[in-house]
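Asks: Dock chain to chain to rebuild the complex, using the hints, since each chain is given by itself in its own frame.
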Amino acid sequence: MSRAEELSRRLREELGNLVLDLETGTPGRLFIDVSKEALGKVAASLKNQGARYQAAVAYDARKTGQGFGLIHTFAFDRDSLLVAVRTFAPEDDPEFESITPLIPGAGWSEREYIDLLGLKFKNHPEPRRLVLSDDWPEGIHPLRRDVPHDLMPPAAEEVAFRLEKAPAGTSIIPFGPFHASLHEPAHFSVYVDGEDIKGCEYRGFMTHRGIEKLAQTELTYNEVPFVAERICGICGSVHSVNYAQAVEAAAGLKIPRRAEFIRTVMLEIERLHSHLLWLGVAGHLIGFDTVFMQSWRIREKIMWLAEKITGNRKTYGMVIIGGVRRDIERQRASEIRVVLTEVEKEMLALEKAILKDKAIHKRTKGVGHLSKEAAVSWNLVGPVARARGLAIDVRKDHPYAAYDEVDFEVVTADSCDVWGTLVVRVKEVYEAIRIINQCLDKLGRLPEHEPLSLVLEGPVPSGRQGLSVVEAPRGEAVHYVLTGDDNRPERWRVRAPTYAHLQAVPDMLLNNKLADFPIIVGQIDPCISCTDRVLVIKLGQGRAELLQKQELERISRSRRKER
Amino acid sequence: MKVAAVFINLLYFLLLAPLLEGVMRKITARIQSRQGPPLYQPYLDLIKLLGKENLNAAGHRAFRLAPLLAFASILAVVALLPFGGGSNFLAHSSDLMTLIYFLTLSGFAVLLGALASGNPFASVGASREMMTIIMLEPVLAMTLILGAVRSGSFSLAEALGGVAAPGELSYFLMLAVFLVALQAFVSRQPFDIPEAEVEILEGPYMEYSGPDYALFRYALNIKRMFYGWLLAAGFLGSWLPGNLILSWLVQTILILLIFVAISVVGATHPRYRMDQALKYYAVLMILALIAVGFGVKGW
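Chain order of the listed sequences is A and B. Letter 131 of the first sequence, counting from 1, is numbered 131 in our numbering, and no numbers are missing. Letter 261 of the second sequence, counting from 1, is numbered 1261 in our numbering, and no numbers are missing.
Since the hints were derived computationally from the structure, they do not count as laboratory data. Be aware that one or more of the hints could be misleading.
[To be verified] For the chain B half of the interface with chain A, some residues (derived, Cβ under 7 Å), not all of them:
(1) I1031
(2) Q1032
(3) S1033
(4) G1036
(5) A1091
(6) G1118
(7) Q1189
(8) E1197
(9) V1198
(10) E1199
(11) L1201
(12) H1269
(13) R1271
(14) R1273
[Stated by the list, open to error] In silico PhoX-like links for lysine-lysine, alpha-carbon gap of 25 Å or less:
(15) A:K122 <-> A:K41
(16) A:K365 <-> B:K1048
(17) B:K1279 <-> A:K358
(18) A:K372 <-> A:K362
(19) A:K513 <-> B:K1279
Being a predicted model, the structure only gives us computed values, none of them experimental. Glycine included, C-beta positions come from ideal geometry on N, C-alpha and C.
Next comes chain B alone, as it looks inside the complex (with noise of 0.2 Å):
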């Protein structure tokens, strides 16, 4: 069960991961007065992308090496989370820092290929995305490290425990602010800075076309569909249903219906700039290290 564990997280990431694009599409599709594309078009696109040629635009080892690495490490993620409530086969050699970790790994893989590209865009993409990687993974680290420090664990499974647990000042707090910075978690606007298409022509990803580009794309839909699973199974992790199927079933809805509030918040704002998301992440930082704080001292 547990071996089986980490190949139905991986499977469970990687069919439902696209469909949550789709989502994203179709609502805010709606929310122009479109009818917008099918709900399983993002899967034909991956396909369709996979078909074609792979084209090495930069000449760089770096810049085919990248795609790869990005997908591969955010697998790895994926593979480690803790199944119905326990924790799988990977745990014993897995804690919360491997999650961290392979998670940060996956944004430098992006960076990876955007400077090996050689392209001024994707290079101004570059800087943008290490600011955004800067300011944004301490929030997400400080999320899973006050679960380890309410739990008293490192080991992954436990930490989310601790993460899911309600009732104190700095559970509130620190659900607050990641809800709000979900929305950058997912590089969706007003914060899709990094790839901001009308400024920097989807900045890092330009030169990508192909297979390799398909890999980018999935392994970001992936990265996507995390933030929203820790939101359903982490911080609510206590109010899903005790049976097994049950839970994961409510768990599914819930990350549905959280891509449908982004996808709505995105369709509703324009773009920030670099500085002002700056200020906005600078925000959500120190309120998170406050939450860290109140986990200390047990509020």
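Just chain A, with the same shape it has in the complex (with noise of 0.2 Å):
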């Protein structure tokens, strides 16, 4: 009896009726439908049964008089299973319980939608603000149906957000929203005694651009991967793969083989990309500039062989629903294993120089510590939860694209700090070029000249789930899409790892040094823009910079009208 089937089985028994359907059609999917009582049991019972908690989807289900929809999603990495558990609210009482509580990770997701859908979870520990920025009014909610995509309301003034006071015997240091080490707008109010870190309170989602609204309202099936390619300027391919690997799974469309090899070449190449730009900044931010700079050399070579591939250093605008839009010949694949030989020697050079350098070791060894268990906790992915010897992939607990045909070895450490991530991410170089290599082998037997992507048949039908997720180089993303009308999806929602660690960023500071506080931050290589992905105003701040701001509003303003 597969996963699938044992979980389906005991879940009706647990819950009996209070289940009210269950899918089981896609192979590694389980979407499940419960009445809205059963959702804390139902999150206890998977948690119980060793799943890990990805994220909350919640959309506005209105139109076809069901309320609020809110789906939790979970992972069984053991068992190649992601589970989507989703219920419904009354429009006129749009309360959930909340799973915070036993899900600390769940706690952003829950805010999330506090903001953007007006839901409300019963026994949420802290439904402060989280999205919203300071001076959007109370009551609307950006996400709901009858919002326009394009709503602007004025500015308020001498509006902020309200941060926590410091502990006693401690004061605040500030860092960001401009801060040398971020390279992100993000704010952390981080308390010290000293030089001692003692905590820490973030706010965040400073550059929301609405992209999933805006997805929902004005774009088509076949515009989104280009704007999801655009949430990050570092894993956009991971979006746009995992954007359409949602798509195509709610519509059941199985895209052309040579497709899926060149899908998963691109993405490696991505990886290798972010892996040496992402050594390179741990370098800068322990104050080792000429690693960072040394890195950032063999990334350009990275660079130039994407340009050669796909015609842009970076967003390569490869994907499509049902395949991608360039091939990889036989000369290109020859070129890009002369570039990948030399990136190879080039690295074993670095790798020897930064892991042998004692004064790294002292840098590194036991700073941002957490433990396995807190990793387990907080639901952490990636080159940082495999740094806590958690052996979890997405490539490989849940293939996708072509990775269920290529070997590679999944890189733990399990020093549970700074220095595991480093010597994870150093590792994962080699294994990125091991995999590029198998993949164009592969593709040089697979034959040429055939049609890389699905000619549809017909519009994709309404109302169908589709879950996703892709191993991007900081960790799994996840991307959820109902289906809807208009050749348009109904909901999508992204998750990017970012969103998951930076909740347990406060852990891993707690009882640091000041000194270390980049490079802890560092550790999970924050994508703010991946975590922000949807807002709709920015708030400044200052006197003197506001009748600037309104002045460039009212500007902004006349152009839209005159369009």
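Replies: In structure tokens, the structure reads:
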């Protein structure tokens, strides 16, 4: 009996007729509909059976008279099974039971929907504003269907996020939104006693772009991959592939094998790029700029390679629903191999210099420690989890694209600190090179000049759920798509790995030195743009700026009218 | 001649100090596979900064005073230095202690500016700077005091002669300590902790811009050159040729080479944490004390 069947039987036994529907059609996926009362019980039951929490998706289903839908997704990594538990609450009482007390990693997901959809969560420990900007008016929930995607409420003055007061005996050092060690806007209010970090508070979501809302109201299925790719400047391909896979899964499409291999190659090239980038940034964060410059010099070859294959150094634009847009011919394949050989050689030299450097050991070992148990309870993923002895990797656990056919090792470390992350990401560079070489071998054996994408026969049926995961360089990225009418998704939800990791950062920082703050936050390779994907407006502060901002707004509004 | 020596010293340091920063930037860039800015870039930087509007970001008088104090006191240090083996015009009213006093004063001026700025990053930088001064200044003081012990005089020229005289155990021990401490004296990686760009955004200098910042930079450059000079003209002084011009030339080349070495070390190390650096400084301080002890014993 497969895990999905066993699970279905068990849930039916435990909950009886509270389970409304079970859908096991797609291999590796289980979509469950339960009644609202059963949500907490299902979550507890799944957690007890060892499921890893991924994300929550909520959507406005008032159009069909179902009120508001809420989906929690879970992963059974050993059994290659993803579970999505859906429930509905009526329009006039959109309250769900909070699962945050049980699963702390669900805290942000639930807060997100308090802001965006006006849902309520019973027993949520911290139902504060998370996503919306501080001057966003109460009572307007931008993800609701009746709120237009371009709504722009007037900016309020003199509003600021109310940060907590520093605990007694500590003072606050503010990191961000503009700080040399944070490359994107996020604010950490760090409580320090001398140089010892005693806690911190996070305020992010300063640069939301309303991408999910845009996809649900303005774009069509095949336009979204290009917008999805622009969620992030580093793991763009991850998001476009992930979105395409979610739609393909929902529509029951099987894309050409050649396209799957090409997607795999692009994802791994992106991983090489990202790991080298991170390695450089990590060096910079501990004041070792030579590592920074050298690893970015190696990375430059990858950028050059990407440009050769796709026409772009980054943001490849390769993915569409049903396949890819460009082929990798034999000629290109041999060029890729040449570059990879060079990269591997130079990487070996750099690795030797880095991993043997005593001073780097001093700055990374024992720094940003978080135990394996804590990593499990915060649902950490990717290199951050693998550095804590958790051998989870979506590529192995839930194979997608062509990963079922390639051989590679899941690199782990057990030091539970920055050092472990460093080792994992350095070693994964070689695994990525191995994967690409295998893919190129296999591509060579597949027939050439075949179509690289499916021709869609008729519209994508509406009301279908698709759940896809991709191992981004930083960890698992989750995309959920609920198909809709008008040739566009009814709901599309993106959960980047940083969304899970950032919630664990306060625990990682605790009792470390202030000097280690940059590298501890850096070890999760925070991608704020991935995390902040949904917003609508940005808040300006300071008197001198204010005039300027109003001026800017006036100009942009008049432009909008002209159009 | 004795009066001229004061001005020659001042000019020598004022003109050469920015070049050393240029050397450091160039060498670092080459190690990092970069082209790097031209050697004269720091002069342009200083001229550019000096030509900018002076902002008093903190609105406090001490904030403006600090860079002037830092610059003036480091100029006082170099004005006192002996020239061509003999003491200069200022020697009759100054000695070893005056030099240590001015040198420490320039460090405290940085603290003053940082604390006056009221910036939280600057105050973290100030506390790091303070710890560094407390741990490192004694090492420098002991270098000079050993010279005084061995020459039996507090006069600068003679004490430096004492520093230079090789051949005894205390000389070699102190030379070793000084070489190891040099990287910290010039606050380059792994010891650029008080400024630490990615952590505390240049710490004490964070709120400074324009001419005030230029003065701090200039003072820092001169201070760095002073430490290089102390190694070249002090510890290695007895090997310099007798001819005044030639010895001055060799000494300048030596200083340049010292800064090449400093750049290489800086480019191949990450930054230490304060707690790690303090342990390191403590060992240096103890060794310096032992060296002075040897000096007293005449070893």
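Asks: Please go over all the hints and tell whether each is borne out by the structure.
Replies: Consistency of the hints with the structure:
Of the supplied interface hints, the one on B:I1031 holds, with its beta-carbon coming within about 6 Å of a beta-carbon of chain A, less than 7 Å. With 7 Å as the threshold, the beta carbon of B:Q1032 comes within range of chain A, its nearest partner Cβ sitting at about 4 Å, so the hint holds. The interface hint given for B:S1033 holds, since its Cβ lies 5 Å from the closest Cβ of chain A, which is under the 7 Å cut-off. Contact between B:G1036 and chain A, as hinted, is not supported at the beta carbon level, the nearest pair being about 11 Å apart and thus beyond 7 Å.
Given hint, B:A1091 at the interface with chain A, is violated; its Cβ is 41 Å from that chain's nearest Cβ, farther than 7 Å. Proximity of B:G1118 to chain A is violated relative to the hint, the smallest CB-CB distance being about 13 Å (cut-off 7 Å). Contact between B:Q1189 and chain A, as hinted, is supported at the beta carbon level, the nearest pair being about 6 Å apart and thus within 7 Å. With 7 Å as the threshold, the beta carbon of B:E1197 comes within range of chain A, its nearest partner Cβ sitting at about 6 Å, so the hint holds.
The interface hint given for B:V1198 is met, as the beta carbon of that residue sits about 4 Å from the closest beta carbon of chain A, less than 7 Å. Interface hint status for B:E1199: upheld, as the beta-carbon distance to the closest one in chain A is roughly 5 Å, under 7 Å. Hint status for B:L1201 relative to chain A: holds, with the closest Cβ pair at about 5 Å, below 7 Å. Among the interface hints, the one on B:H1269 holds; its C-beta lies about 5 Å from the nearest C-beta in chain A, closer than the 7 Å criterion.
Using the Cβ-Cβ criterion of 7 Å, the hint placing B:R1271 at the interface with chain A is satisfied: the shortest such distance is roughly 3 Å. The beta carbon of B:R1273 is positioned within 7 Å of a beta carbon in chain A (closest approach about 4 Å), and the interface hint is therefore held. Simply put, A:K122 and A:K41 have alpha-carbon atoms about 14 Å apart, close enough for the 25 Å limit, and the pair holds. Annotation: proposed proximity of A:K365 to B:K1048 is violated, straight-line Cα distance about 42 Å (limit 25 Å).
Only pairs whose Cα atoms come within 25 Å are accepted, and B:K1279 paired with A:K358 is accepted, the gap being roughly 16 Å. Taking the CA atoms of A:K372 and A:K362, the gap is near 22 Å; set against the 25 Å cutoff, the hint holds. The straight-line distance between the Cα atoms of A:K513 and B:K1279 is roughly 15 Å, inside the 25 Å bound, and the hint therefore holds.
Of the numbered hints stated above, those contradicted by the structure are hints 4, 5, 6 and 16, listed in ascending order.
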